[in-house]
Structures are given as C-alpha cells and as structure tokens.
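Participant: Sequence:
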Amino acid sequence: MSRAKPYSISKMEVYEAWKLVRANSGAGGVDGESIESFEANLKSNLYKIWNRMSSGCYFPKPVRGVQIPKPNGKTRLLGIPTIADRVAQTVVRTRLETVLEPIFHSDSYAYRRGKSAHGAVDTIRKRCWKFDWVLEFDIEKAFDNINHEMMLRALKKHTSEPWIVMYVERWLKSPIQISGENNPRERFSGTPQGGVISPLLFNLFFHYAFDLWMQKTFPNIPFV
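Using this note's numbering, the letters of the sequence shown map in sequence onto residues 1 to 224.
Just so you know, the hints here were simulated from the structure itself, not pulled from any lab data.
A few of these clues could be false.
What the hints assert, rightly or not - Keeping only pairs whose Cα atoms sit at most 30 angstroms apart, straight-line, the calculated BS3-like set for lysine-lysine is:
(1) 74 <-> 48
(2) 115 <-> 141
(3) 70 <-> 115
(4) 126 <-> 216
(5) 156 <-> 141
(6) 70 <-> 156
(7) 5 <-> 216
(8) 70 <-> 11
(9) 43 <-> 141
(10) 156 <-> 48
(11) 130 <-> 156
(12) 5 <-> 19
(13) 61 <-> 5
(14) 11 <-> 48
(15) 19 <-> 173
(16) 216 <-> 141
(17) 5 <-> 115
(18) 43 <-> 5
(19) 19 <-> 156
(20) 216 <-> 115
(21) 141 <-> 173
(22) 61 <-> 141
(23) 61 <-> 11
(24) 156 <-> 126
(25) 43 <-> 70
(26) 126 <-> 115
What the hints assert, rightly or not - Computed Cβ-Cβ distance ranges for the label pairs, DEER-style:
(27) 25 <-> 217: 52 to 58 angstroms
(28) 52 <-> 219: 42 to 48 angstroms
(29) 116 <-> 52: 23 to 29 angstroms
(30) 120 <-> 140: 18 to 24 angstroms
All figures in this text were calculated on a predicted structure; none of them were measured in a lab.
Backbone N, C-alpha and C fix where the C-beta goes; we use that ideal spot for every residue, glycine too.
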C-alpha cells in the first residue's frame with residue numbers, strides 16, 4: 001500500500017506546466033538537455049518532477065549564466081534554469097498567480113498577462129494632460145538586489161502551502177554556473193532573470209517595496 005504524498009500536487013498540474021514550457025521554447029540549462037531531448041522521455045521526466053515535488057525532495061540544479069548585451073554597451077546576466085526546473089517553477093507560478101494577480105496595482109504593467117509596455121505608455125500619455133511633471137527612473141540591477149528574507153516574508157502573506165515557500169527559497173538560493181568557471185557562484189540576494197517564476201516574485205517584492213509605499217506616502221500622485 002503506497003503512502004500518501006506530503007504535498008498535494010497533481011500530475012495534471014505538472015503536465016500543464018510542461019505544455020507552457022514547451023510553447024515558450026528556449027535554450028537548455030546546465031545539464032545541456034533541450035526541449036526535444038526532454039520530450040523524448042517525457043513520461044519519465046514529468047513523473048520524476050511530480051514525485052520529487054510532492055514528496056518534498058525536489059532540489060533545483062544551478063542556473064546557467066548567460067551574458068546578454070544591453071543597448072548601452074554593458075551586459076545583463078541571465079540565469080537559465082534546466083527544462084525540468086522550468087516545469088517545476090511553472091507549477092508554482094501557476095498556483096501563485098491566482099492569488100497574487102488580484103492584489104497587484106492596476107497600473108503595474110511589467111510581466112503580467114494582459115498588460116504590456118504599450119499599455120503603460122498609453123496610461124502615461126493620458127496623464128500628461130493632467131500633470132506638468134513626469135519623473136522617470138530606473139532601478140539598477142533590480143532583479144539582482146532583491147532581499148531573500150523580505151521576499152519570503154512577502155510570499156508567506158499570500159500562501160499557506162509550505163512547499164511553495166520551500167521551493168521558492170531553493171530557487172532563490174540556487175547558484176549560478178558561469179561558462180568558463182569551475183565552480184558555480186553562490187547567490188545571497190536576487191532572483192535570476194531568465195527564471196520562469198522570477199518576474200512574478202519581482203512583482204510581489206515591489207508591490208510591497210514600492211507600490212504600496214507610494215499609495216500610502218503619496219496618495220495623490222499616480223505612478224506607472
């Protein structure tokens with residue numbers, strides 16, 4: 001007689017997560033496995049993810065560090081998870097989106113379904129008729145500098161599922177393997193750009209760090 005799994009994650013959730021990962025395509029992670037090679041042994045691969053996640057023994061591999069050129073001549077370091085880790089992250093992201101999307105500010109446009117940079121520009125254009133000044137700023141290395149403790153504290157406000165918090169913490173702390181370096185670099189802050197769940201975590205962090213702060217401190221000043 002098989003023992004019940006400690007965490008309630010269905011096989012269908014894992015399969016639906018896989019379909020989203022496959023649709024988005026993308027390069028493989030540190031293990032070199034591609035979408036095609038993962039799919040060639042799909043049933044076994046998805047079972048392993050489900051079994052480990054629902055048992056509490058799922059541990060992500062290091063993310064693969066890739067330097068991407070920026071328009072200003074500098075580079076941005078992306079952290080590419082393995083295909084299996086992308087599937088696992090998608091399972092958690094799908095669970096979290098249902099509870100987090102309703103709390104986000106209506107004028108928060110980044111990394112959200114149904115929202116886009118074009119929508120943000122349109123909102124700004126309309127408000128330019130009402131206000132004389134616009135303040136534009138950019139947060140340098142915003143993804144890289146997120147405080148893990150504060151991130152997890154915010155997450156715990158919105159889920160009672162211990163496995164979600166556990167796996168998010170493991171992803172946050174997953175080291176990054178840079179090409180040409182012998183050992184992965186440990187990470188003590190940030191969430192890697194390139195991770196499936198990173199944009200949602202970023203939005204949650206700045207919901208508390210900026211959006212709510214602006215609403216409370218400057219209630220009459222709109223922002224996008």
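Participant: Where does the structure disagree with the numbered hints, that is, which hint numbers, in rising order?
Facilitator: 1, 6, 7, 8, 9, 11, 17, 24, 25, 27, 29
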